[in-house]
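Colleague: These are the residues of each chain, in order.
There are 4 protein chains.
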Amino acid sequence: MSNSLGKIFKLTTFGESHGPAIGGVIDGCPAGLELDFDAIQQELERRKPGQSKITTQRKEPDQVEFLSGIFEGKTTGTSIGFQIRNTNQRSKDYSHNVDVYRPSHADYTYDQKYGIRDHRGGGRSSARETANWIVGGALAKQLLKDVEITAFTSSVGTIFLDKPYQDLDFSKIESNMVRCPDPETSEKMIEKITEIKKEGDTIGGTITCVMRNVPRGLGEPIFDKLHARLGQAMLSLNAVKGFEYGSGFCGAEMKGSEHNDLFNKDGSTKTNLSGGIQGGISNAMDIYFRVAFKPVATLIQKQDTIDSKGNEVEMMGKGRHDPCVVPRAVPIVEALAAMVLADFYLLDKVSRV
Amino acid sequence: MSNSLGKIFKLTTFGESHGPAIGGVIDGCPAGLELDFDAIQQELERRKPGQSKITTQRKEPDQVEFLSGIFEGKTTGTSIGFQIRNTNQRSKDYSHNVDVYRPSHADYTYDQKYGIRDHRGGGRSSARETANWIVGGALAKQLLKDVEITAFTSSVGTIFLDKPYQDLDFSKIESNMVRCPDPETSEKMIEKITEIKKEGDTIGGTITCVMRNVPRGLGEPIFDKLHARLGQAMLSLNAVKGFEYGSGFCGAEMKGSEHNDLFNKDGSTKTNLSGGIQGGISNAMDIYFRVAFKPVATLIQKQDTIDSKGNEVEMMGKGRHDPCVVPRAVPIVEALAAMVLADFYLLDKVSRV
Amino acid sequence: MSNSLGKIFKLTTFGESHGPAIGGVIDGCPAGLELDFDAIQQELERRKPGQSKITTQRKEPDQVEFLSGIFEGKTTGTSIGFQIRNTNQRSKDYSHNVDVYRPSHADYTYDQKYGIRDHRGGGRSSARETANWIVGGALAKQLLKDVEITAFTSSVGTIFLDKPYQDLDFSKIESNMVRCPDPETSEKMIEKITEIKKEGDTIGGTITCVMRNVPRGLGEPIFDKLHARLGQAMLSLNAVKGFEYGSGFCGAEMKGSEHNDLFNKDGSTKTNLSGGIQGGISNAMDIYFRVAFKPVATLIQKQDTIDSKGNEVEMMGKGRHDPCVVPRAVPIVEALAAMVLADFYLLDKVSRV
Amino acid sequence: MSNSLGKIFKLTTFGESHGPAIGGVIDGCPAGLELDFDAIQQELERRKPGQSKITTQRKEPDQVEFLSGIFEGKTTGTSIGFQIRNTNQRSKDYSHNVDVYRPSHADYTYDQKYGIRDHRGGGRSSARETANWIVGGALAKQLLKDVEITAFTSSVGTIFLDKPYQDLDFSKIESNMVRCPDPETSEKMIEKITEIKKEGDTIGGTITCVMRNVPRGLGEPIFDKLHARLGQAMLSLNAVKGFEYGSGFCGAEMKGSEHNDLFNKDGSTKTNLSGGIQGGISNAMDIYFRVAFKPVATLIQKQDTIDSKGNEVEMMGKGRHDPCVVPRAVPIVEALAAMVLADFYLLDKVSRV
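Chains as they are written, first to last, in my numbering: chain A, 69 to 421; chain B, 69 to 421; chain C, 69 to 421; chain D, 69 to 421.
Derived by calculation from the structure, the hints in this document are not laboratory data. Wrong hints could be hidden among the right ones.
No distinction is drawn between identical chains; accordingly, a pair holds when it is met within one copy or between any pair of copies.
Result set (EDC-like, lysine to aspartate or glutamate): computed pairs, CA atoms no more than 20 Å apart in a straight line [as the list claims (entries may be wrong)]:
hint: 1; residue 1: Lys75; residue 2: Asp416
hint: 2; residue 1: Lys338; residue 2: Glu380
hint: 3; residue 1: Lys333; residue 2: Asp167
Note that the structure is predicted; figures quoted are calculated from it, not measured.
Hey, can you work out the whole structure from these sequences and the hints?
Modeller: Listed below in structure tokens is the structure:
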């Protein structure tokens, strides 16, 4: 019931981390889009675990197989099925979890809701699902070819990248393990994560995303405001606790005379505290937003917890886990943003007679 | 296309601030719910402008008329139509805006998207729409009779209510004009707003909302996580720039060993940084979240702007406007939260065979 | 949950026959459509009871009031709310029904489903709802300005109009009480209905609808085939028991070599047993379909029935009812067809990059 | 955009007949349903081509692989992904069609709509898609365990099974190649199809479906009437030209005094011309409906047609095709009916407080 994102450009997904495969159906992608399959696979590589010594050492090949909707390299307008086989799952790593509720995970709530749960690797609640989103997002990016969507790590714990995004060199994002475009800050972040990893602990952080060259008029008033759908998409990502766009929470401390974005004659604005969206609709200025991630709940430390019978037990993470999820979430944030934007891009085509 | 909220308990709305009426249709409200009409009207009174000297002096009677779906005081399971006539609009107040794009309003983007716009009082982008939400939310509250949903002003500009919500006396919220339960803080907030109003300026703020006695199991995995839908609903509210729940943006600065909520034997947790939601599903702990509002864009000051032809013009708000929208938004936040919760409450009834 | 028709061009309705008003919200109508309000009202007049001596003598003024979404005579792209007040309901006519289940009506099933029911005039199950559809359909017709949608009575009981539609003069449809374009047949039909009315009985019939100048490419494969959505819409009409398009049930008796429509060089076909739709998608040939209506269930005769306690009782219709619903359903069939087509017309705009 | 069926119990499908696989996602199946996998596979066997000498000799193994949503044999409440690999497609059979528009197929309209088309075996418009529906329907049947859904061939060309369904022995349906429960009639049908096949021609027919033990209260008023959704589902099936339920088109010839179903004291009815549905809602009487199929468009005869450049060409079917699609469509009709019913079964759980 909740496995679909979008109204026109619509991704419906399935898959548990330790089942035979994950995958999905992309419906509503217009016909005639010539696909760059390498670019899609490249996005999957960016998300993949085991990319660096500060991320989990699980290897997930994440090879997407398209099953339909594409003919001679182009979309045909029919639904695009795809799957990514699960090949490297070590279910034994999770056998100790059969009956244990890991703190701040979804184990307890899934059991309460459904009365049954695939406990292996988190089952449906596993972040493995996000590989599906990468596929959908990669297609969306290709549909929106003139739009640039760039996300990066803007904080790890209390280490903040405190420069305005306009002063950053986005070409440096992929040059370091934390995906922070500022070399000095990225070094500190890597140090911090390395230290945290040694403790068997984890740490939170934030991602900033900037969208440039978004056409005017995307977004629908009232309940499908562009930023509301971006927020919903970002809050769908595991571990996300907050979303803000434009001036965000800082804007709540300001006066109107400071906050208003005055117009230039061409309709652009002198400032952009609005974050590229006014009344829920894009105004062609940069869209930017920030997403807060709590620390990963799985620790390589002993923790007290309970099992499904209410017995107190002690547990310790044994799987291969990320000490900080933020660097790997960067391409996922971009993918979600791209899908939301693609949907509104198509919806806007029916705005006028 | 974007005028509906919810999947089962679904509100579809219409209305411009200066048309004959606003209203909507509530579909999916179960049959047999005995309605308390006074309670519904009472919620509308809480939202109404002109309640105090720090809010706009517009008087909007906001009398809801139910048109269907109710028989002998009970819901019948059929769609519930309602309207609220617009009786006190002074269109002349807005005649100066015919062609002027107010900074940081929706005027420019609506024109870009649709090529036509009802400029009077903001038309469809007016916050008058929120009266419709109050009606939907009031019904939702009655459906969820055991759940307590309480919102309050937690900051105005840089004046913060810095006590944990557990230490607050919610019965005091309605006792003061800013709807802040802490007498000392509320006084400072009122002072601030009064001062801002004198300047013809406006100011932002935040609202915190707490939901108690929410049943376990509400929320759907993946794209309809309970907090993702709450976020989308809150971000639909005019002027909202950010949403966080549980530990929120602070959580992004923490370590996993600090952030994890350890279990008690009964499945409750010793701490509640999760904010009552794990894996997108309620765990019966308190749900709490915070919403950031930018300052109102309409100033009673001169501002430079442009008109639809790109001419530079000077404008000054003449209508009756709020210097701070936050106090009046308190019941709206509750209404939106109630509708989201009602929807998931019904959806959960089909979770198991 | 079931009060909406369409995906983009979407009508959501409410209203009981004896409540204060019926009405609805039209969402997704593109901005900039100049409306002809007289044409809308004219369609309502065509549906109205009391038009002739063979229809019910109830007078329903059916004056539509638009509440939003229209500015200076044009649609603005925002949701269009409307209502039609109920002014002539005589609830007393129905007081004898409080507790009685009328045979072949919805009384029993509504009670079984909801446990509560507005018994007056059939409540939500009343055909009064169709006035809402007329409003939505009238807008859809104006959006589809080049498409001609024409319905007419093609049988009453066993009196059939047995000419191909191509041989009929559609300008004569509105010239007679039964809305049959063939003068000779219409006379027989009127005679039949008059006779049936004298008996206090009712009679069924069929309506044929022809849509000309439909653009190529409307309809979506698989579950939203153009004819499947037309069928669903028609089967939503009270008393409808069957739907067929193109060759219909006769086609099931034919051989492929007889049934196939061979192409002309321009893509048009020499025959049109396909009924203008192939693979669920329009091919620019005429679309035609036929709808079967059972006889009205309310008789002005004594009938044995039961009440809600299971007591056997005798009842007799006292309200003002149609002996044959078919003539009045003609404009409703057109309205539904127009809404379905408008929806696919808009959906098709996003079929290709 | 049109690849989904249902609101709660929702099937989303993908797949072309000559791509790597077809498949889908079943969302909204409640948790805790113990699945009988043999029964699912058995339903696929019933649909499979090559079952008898009067059906196509293509062999499609149709082995379904479930990819998610099931744990230890039970549904978990998460989305159920599945695929059926395409293993026996002979694309060369279709190479002659690259550029040719087959009469009364979807070739021309797909090209007009999308500007691109997978011509092999009909691509997305192939009836191979229905294997996906069988999977969804098989799960739905297991969810509705007390409901009996039985379809059978009720006519082939002009050979009609003219007994009321109550007089038929449903256990004989699967005992003959045409799936007609009456031995005498089935023999005639087989003869007819054999003769037609020899001519390289095809023939239409009808299927009747009966649903017993349907609970009271399923179906939603207005646009989601139970029969309207059944009609939409059946009209989604390739080659279907008509749908009727209860008295159907015959009902249009009757008088109200003949047609009304009088009540027994327990709410059942003495007759059942309503077909088990009143006001769009089931009344616990048998639901029965009839579906009309045109003859298959692919003939093993020469036909004149055009290619995509408008040249006149001659073509002749070379693939392996059914002379009459009706017998193989019998399990598909059941599957569609089961999915519609499962959806309403779940929707009804939220009808009352």
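Colleague: Each of the hints needs a verdict: does it hold here or not?
Modeller: Quick rundown of the hints versus the structure:
In this assembly of identical chains, the alpha carbons of Lys75 and Asp416 lie at most 20 Å apart whether taken from the same copy (12 Å) or from different copies (14 Å). When the C-alpha separation of Lys338 and Glu380 is checked against a cutoff of 20 Å, the pair qualifies only between copies, where the shortest distance is 13 Å, while the shortest distance within a copy is 59 Å. Within a single copy, Lys333 and Asp167 get their C-alpha atoms only as close as 64 Å, which misses the 20 Å cut-off; across copies the closest is 14 Å, which meets it.
In the structure shown, no violation is registered for any of the earlier numbered hints.
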